[in-house]
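Here are the chains, one letter per residue:
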Amino acid sequence: MSLINEYKAKKGLIRVRLRLSDDGRITWIRITGDFFMYPEEALLMLEKSLTGVKFSRGDVSRVIHEFFSSGVKVPFVTEEDFVEAIMGAHHES
Amino acid sequence: MRVRLVEHEFLDNPRMSLAVEEAIFRLMLLGKSPPTLWFWRHRNAVIIGKFQIAEEEVNMDVVQQYNVQIAKRDTGGGAVYQDLGNLIYSVIIPDIYGVSNDVIRMYEAMIKPVLLAFKMLGIRAESPGLNDVEINDRKVLGSAAGLREGFVLFHATMLISSNLDMLARVLKVPKTKLQDKGITQVSHRVGNVYDLTGKDMDDVKYALLRGYSEYLGFEYYRDELTERELRLAEYLYYNKYNRPEWVFGREFISVEIPRELLE
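Chains as they are written, first to last, in full-length UniProt numbering: chain A, 1 to 93; chain B, 1 to 263.
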């Protein structure tokens, strides 16, 4: 199942595309947008750590929280923004 | 700080411009390129951010119709349209100001000189979003930066007298982004410095030099790009910036540089 979302954070747009398995786990996710992230390569780590995770607010929030706690800097974009961007993913209309 | 002032343009090859930037940055990290302020432009180009996908940001049919060159830079942020009315510049320096470990302070240090430059021209400019500059609520400058321990690569692009209709046609600006600002068209969000203030490209360039000089203590000497920079840029061009998976995909390419290119 393919889902998509376009989420506007205070500063920056986050686009999410993801695929779910039958049992509701993220099998693939790609996050794009006009935000900033330091170091830049951390975005790939984030996608990797979200892969295999259950598509539920609790599980996704935990992964995002760990990511932000690792010292990555995402100016003007909050943990909640990323959680909303991902959990708001819906069928492409 | 003594800063090399470069004016060298690859008007029809934005991918090469970006390769040159990375070459200067990499060589500066090795102590082989001097602190640099570089002015450059493009004739008809779109540059997208590192975390963006070209087809999500750019109207591909318009790009083909008008032969717009697409390139992707190595820093975050959004897509920009650039023609000859758009001034681009890079500040590539060692961080003697102690701001490279604090993104917010780094942007302040790089944007304040721009506000100062406009002040010297008698123009009130503001930076509500920290990495952009507005005059009369119109965005005239956007910027992005790459940070390495103790070093900064900052680049900015300023609308002086660009074709804003073309900009609006080329860029796909998400409705969510404009609604946020209470407007319906990107051409109501951005503005040209010349239209807003009557100042032209040369006025702005000169003011920028003074702004950076006063705020960050730059002392300029004019010079060219070095052979070493151009050789490394060419390597980065072929191995990164001109590769379709970089420009159109979202692959992060880390290039191993042959030793001889760094010597």
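Since the hints were derived computationally from the structure, they do not count as laboratory data. Beta carbons: idealized from backbone N, C-alpha and C, even for Gly. Treat the hints with care, since some could be wrong.
[What the hints assert, rightly or not] Covered stretches of chain A, going by a simulated chain B footprint (3 or more residues, C-beta under 8 Å):
{"id": "1", "region": "10-16"}
{"id": "2", "region": "33-43"}
[Stated by the list, open to error] In silico SDA-like pairs for lysine to any residue, Cα to Cα no more than 20 Å straight-line:
{"id": "3", "chain 1": "A", "residue 1": "Lys-10", "chain 2": "B", "residue 2": "Gln-69"}
{"id": "4", "chain 1": "A", "residue 1": "Lys-10", "chain 2": "B", "residue 2": "Ser-127"}
{"id": "5", "chain 1": "B", "residue 1": "Lys-205", "chain 2": "B", "residue 2": "Glu-149"}
{"id": "6", "chain 1": "A", "residue 1": "Lys-48", "chain 2": "B", "residue 2": "Arg-250"}
[To be verified] Far from chain B, some chain A residues (derived; all Cβ distances over 10 Å):
{"id": "7", "residue": "Met-1"}
{"id": "8", "residue": "Ser-2"}
{"id": "9", "residue": "Leu-3"}
{"id": "10", "residue": "Arg-19"}
{"id": "11", "residue": "Ser-21"}
{"id": "12", "residue": "Asp-23"}
{"id": "13", "residue": "Trp-28"}
{"id": "14", "residue": "Lys-54"}
{"id": "15", "residue": "Ser-56"}
{"id": "16", "residue": "Asp-59"}
{"id": "17", "residue": "Lys-73"}
{"id": "18", "residue": "Val-83"}
Checked hints:
1. 10-16: Holds, because 3 residues of the region 10-16 of chain A bring their Cβ atoms closer than 8 Å to Cβ atoms of chain B.
2. 33-43: holds (count 9)
3. A:Lys-10 - B:Gln-69: violated, 30 Å
4. A:Lys-10 - B:Ser-127: holds, 15 Å
5. B:Lys-205 - B:Glu-149: Answer violated: Lys-205 of chain B to Glu-149 of chain B is near 29 Å, above 20 Å.
6. A:Lys-48 - B:Arg-250: It holds: about 14 Å lies between the C-alpha atoms, which stays within 20 Å.
7. Met-1: Holds, since 21 Å exceeds 10 Å.
8. Ser-2: Answer for Ser-2 of chain A: holds, closest chain B Cβ roughly 15 Å.
9. Leu-3: holds, 16 Å
10. Arg-19: Arg-19 of chain A clear of chain B: closest Cβ-Cβ about 16 Å, beyond 10 Å.
11. Ser-21: holds, 22 Å
12. Asp-23: Given a closest Cβ separation of 27 Å, the condition holds.
13. Trp-28: holds, 13 Å
14. Lys-54: holds, 25 Å
15. Ser-56: At roughly 25 Å from the nearest Cβ of chain B, Ser-56 of chain A sits farther out than 10 Å, so the non-interface label holds.
16. Asp-59: At roughly 23 Å from the nearest Cβ of chain B, Asp-59 of chain A sits farther out than 10 Å, so the non-interface label holds.
17. Lys-73: Violated, because the least Cβ-Cβ distance between Lys-73 of chain A and chain B comes to about 5 Å, which does not exceed 10 Å.
18. Val-83: Check passes; 17 Å lies beyond 10 Å.
In this structure, the earlier hints numbered 3, 5 and 17 are contradicted, and the remaining ones agree with it.
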